[in-house]
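Colleague: Chain A is already provided as a structure; the job is to place chains B and C on it using the hints.
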Amino acid sequence: MEELRKKARELLERGAVKVVIGYGPGSAARTRAVFVRKPEDADQLILNDQCTQNLSVYLTKPEVKTLGKPAIVAHLAGLRSLVQLAAENQIADGQVLAIGVSPEGKLAELPDLKAVEAYLAGFRFELSPEEKAELDKIERMTAQERWKFWQEQLARCLKCYACRAACPLCYCERCLAGNNQPQWIPVASHQTGNLEWHLIRAMHLAGRCIGCGNCERACPVGIPLSLVTHKLGEEVFKNFGGRPGLSSQQEYALGSWKLEDKENFIG
Amino acid sequence: MAEFQPKIVAFVCNWCTYAGADLAGTSRIKYASNVRIIRLPCTGRIDFMLLLKALDQGADGVIVSGCHPNDCHYTAGNFHARRRWIVFRSLLDFLGLDTRRVHFAWVSAAEGAKWAQLVNSVTEEVQRLGPYHDYQKLAGAGVE
Amino acid sequence: MTIEIKRLKKDSLPRLFAQLQAKGRRILAPHSRAGKTGFEELSSSGQVAQDYLQTTLSPKSAVFPRCEALFRYTFEGKEIKMEEKPEPAPTVVFGLRPCDAASFAVLNAVFSWDYPDALFKSKLEKTALLSISCRQADDYCFCTSVGGGPGDTRGSDILLTEMGSGDYLAEIITDRGRELVQLAPELFQEAPAPGKEKHLAQVPVKFDLKQLQEKLPKVFDSPQLWLEQSLRCLGCGACAFVCPACVCFDLQDEANRQGGVRLRCWDSCGFSLFTLHASGHNPRSLQSQRWRQRLLHKFSYFPDRLQTLGCVGCGRCSRICPADMNLLEHLKTIAEAS
Chain A
1 MEELRKKARE LLERGAVKVV IGYGPGSAAR TRAVFVRKPE DADQLILNDQ
51 CTQNLSVYLT KPEVKTLGKP AIVAHLAGLR SLVQLAAENQ IADGQVLAIG
101 VSPEGKLAEL PDLKAVEAYL AGFRFELSPE EKAELDKIER MTAQERWKFW
151 QEQLARCLKC YACRAACPLC YCERCLAGNN QPQWIPVASH QTGNLEWHLI
201 RAMHLAGRCI GCGNCERACP VGIPLSLVTH KLGEEVFKNF GGRPGLSSQQ
251 EYALGSWKLE DKENFIG
Chain B
1001 MAEFQPKIVA FVCNWCTYAG ADLAGTSRIK YASNVRIIRL PCTGRIDFML
1051 LLKALDQGAD GVIVSGCHPN DCHYTAGNFH ARRRWIVFRS LLDFLGLDTR
1101 RVHFAWVSAA EGAKWAQLVN SVTEEVQRLG PYHDYQKLAG AGVE
Chain C
2001 MTIEIKRLKK DSLPRLFAQL QAKGRRILAP HSRAGKTGFE ELSSSGQVAQ
2051 DYLQTTLSPK SAVFPRCEAL FRYTFEGKEI KMEEKPEPAP TVVFGLRPCD
2101 AASFAVLNAV FSWDYPDALF KSKLEKTALL SISCRQADDY CFCTSVGGGP
2151 GDTRGSDILL TEMGSGDYLA EIITDRGREL VQLAPELFQE APAPGKEKHL
2201 AQVPVKFDLK QLQEKLPKVF DSPQLWLEQS LRCLGCGACA FVCPACVCFD
2251 LQDEANRQGG VRLRCWDSCG FSLFTLHASG HNPRSLQSQR WRQRLLHKFS
2301 YFPDRLQTLG CVGCGRCSRI CPADMNLLEH LKTIAEAS
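Residue numbers (my numbering), protein chains in the order written: chain A, 1 to 267; chain B, 1001 to 1144; chain C, 2001 to 2338.
Because the hints were derived from the structure by calculation, they are not lab data. A couple of the hints might just be wrong.
[As the list claims (entries may be wrong)] Keeping only pairs whose Cα atoms sit at most 30 Å apart, straight-line, the calculated BS3-like set for lysine-lysine is: (1) C:LYS2036 / A:LYS132; (2) C:LYS2215 / A:LYS38; (3) C:LYS2215 / A:LYS61; (4) A:LYS148 / B:LYS1137; (5) C:LYS2206 / A:LYS38; (6) B:LYS1053 / C:LYS2081; (7) C:LYS2332 / C:LYS2206; (8) C:LYS2036 / B:LYS1137; (9) A:LYS137 / B:LYS1137; (10) C:LYS2332 / A:LYS61; (11) B:LYS1053 / C:LYS2085; (12) C:LYS2036 / A:LYS137; (13) C:LYS2085 / A:LYS148; (14) B:LYS1137 / C:LYS2085; (15) A:LYS38 / C:LYS2332; (16) B:LYS1114 / A:LYS258; (17) C:LYS2218 / A:LYS61; (18) C:LYS2218 / A:LYS65; (19) B:LYS1137 / C:LYS2078; (20) A:LYS262 / B:LYS1053.
The following block holds chain A by itself, in its conformation from the complex (with noise of 0.2 Å):
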């Protein structure tokens, strides 16, 4: 902690960046985000088992944008939103400089994006034998279990859209949920609204999104939005190769395509 602190005042003091985007104390047990501008404030700044939000989120967000060049301090899934951030064009090289914290704690200074690939390279993204065997809970019931399974988490839905605020990918202005000429996806809170919402967004987060959980998180009525981050990160994976948020270079898995492409469904 005493070292992210003194590298986050280094930072501020030599103009490096002018914010540094960080975990300070929040209420009860939490942490929060914080924005320190001055080197005087960096004792803010903490690092500590509850620091769990994908910090990431922020680097698109409009007033964030206006306090200057960012430094950011980000676990590897905060780090991987960052890459596929770049990779979407929504920030630029050398725009950010991530202070990456590694599974043990450890700091490393990322200036530019090749330095954060460099650094994920050294890491393996699979999903853990407990998420994993989550997974297979649900692909082991019948289709009937699954559909009675889902309409009661999603029969909660709030509608309110903390999933999508709290996801550093999804960063569009005007969300597809909120246009209404035609309304596409419904507004309200019902079991089709629900289901249509939660399908659509996965779906445009497929072969984008990167398990940080920010939104499983952020749901207020607890439902198990992981499920399904990481079922699509498997599939993505299982039929295309490749994992999101390594390559500034990757190609959005659903924007392209390949010859070889196989399926055992189109008749």
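Modeller: Leaving out everything else, chains B and C in the frame of chain A:
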């Protein structure tokens, strides 16, 4: 007993499947009349919501069909569509939707007979499965 | 109207539920799903969530549902046939807190403001509030800073306070409360010893409301203040949706060739589209402006125009905020600013 007549909505591309369906017609091939064809320029234009809206509005089954790979009038539209369907179908399955009711096919402009056969087999299967009550029950559910 | 005090034994709850239901009352009570609690129609008291300090979702859905059909219609040839909406069932909301009970007056103020909202009113007049006072509070609670309290009776028809023995001290506050008692009179027994205060949580006052309200209009034009407060806000609607006093809604028409429905759905001033004009202009295009609006309308505009605060200090918004905005902190900052 009146047999259940499923409503099948088909999203087809203009250049291949639509022409193929037209050929089935001009060849006077008799086939199930349960399908309602919606013509689009290319399967690449097919939005996921189109399929969901069809189910929403009472379709018991959906057919999506276009040019064979390499034959797309716009070169690659069907390749994009293929990728999307691979992911979409597995997501639909994961959420418990009945993927036996959603059929994908490549039907070329010369395959009038294949079109007829496709419609017949989908109609038969959906007839056997019955009306898609699960999806239709969603309408109005959660509204006070 | 004097408040009668009775005792309701804890083990009478199942019979109370049964009798209320036998007399045609729908009971909404806290129910737990995936670790979150909301008010649902329950058939027995055994389904009521245990150990909740405060529910995740508020009881406003009893009178202001998340998705409500204002009217439905079908087309019959060239005719339009409107469907009759059934009368709302008489309802008892059980297990809400004093802050929640006070929030119904805020909802009512809005729905009576320019004209009485028939649908809301028809539900409100059929809804009885059987609240339970707070033995515990957490750091998010600030009812006492906004004129409420853990044992406040405002808005409740009956207020239950759990005593050491597990039985409830029952305050029968309104005529509606008396009516409820009459549905199961044998369950409401002779009053226990007075002194409900000793069973209540301690909720210290956390900021000076008067100071806050004096300062708010003065800081309207302090863009830096609002920017600082709202930098971490993600712009979702979670706070507005869990808030018992938030009442903004969106109207959605859904129809096809057979007929249609007009739906009233919860909306939030935190959404970027909330104030988007048809021209494309958005008077609150920045999150900081939307945050300012949220605070000001609850603590400044509502008192000015509706003579009621728009917040009851329940703390729900802060508990579920994914960005940990913590409304209370921001209020304190403004109240204490020089």
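Colleague: State for each hint whether it applies.
Modeller: Against the structure, the hints come out as follows:
1. C:LYS2036 / A:LYS132: holds (25 Å)
2. C:LYS2215 / A:LYS38: holds (27 Å)
3. C:LYS2215 / A:LYS61: holds (29 Å)
4. A:LYS148 / B:LYS1137: holds (12 Å)
5. C:LYS2206 / A:LYS38: Judged against 30 Å, a Cα distance of about 29 Å means the pair holds.
6. B:LYS1053 / C:LYS2081: Roughly 25 Å separates the two Cα atoms, so the pair holds.
7. C:LYS2332 / C:LYS2206: holds (7 Å)
8. C:LYS2036 / B:LYS1137: holds (26 Å)
9. A:LYS137 / B:LYS1137: holds (26 Å)
10. C:LYS2332 / A:LYS61: Holds, at about 26 Å.
11. B:LYS1053 / C:LYS2085: Holds: LYS1053 (chain B) and LYS2085 (chain C) sit about 27 Å apart, inside 30 Å.
12. C:LYS2036 / A:LYS137: Holds - the C-alpha atoms of LYS137 (chain A) and LYS2036 (chain C) are around 22 Å apart, at most 30 Å.
13. C:LYS2085 / A:LYS148: This hinted pair holds, its Cα atoms lying about 29 Å apart.
14. B:LYS1137 / C:LYS2085: holds (20 Å)
15. A:LYS38 / C:LYS2332: Roughly 23 Å between the alpha carbons, so the hint for LYS38 (chain A) and LYS2332 (chain C) holds.
16. B:LYS1114 / A:LYS258: At roughly 26 Å apart (the allowed maximum being 30 Å), LYS258 (chain A) and LYS1114 (chain B) satisfy the hint.
17. C:LYS2218 / A:LYS61: holds (27 Å)
18. C:LYS2218 / A:LYS65: holds (27 Å)
19. B:LYS1137 / C:LYS2078: Holds, at about 27 Å.
20. A:LYS262 / B:LYS1053: Given pair LYS262 (chain A), LYS1053 (chain B) holds - Cα atoms ~27 Å apart, limit 30 Å.
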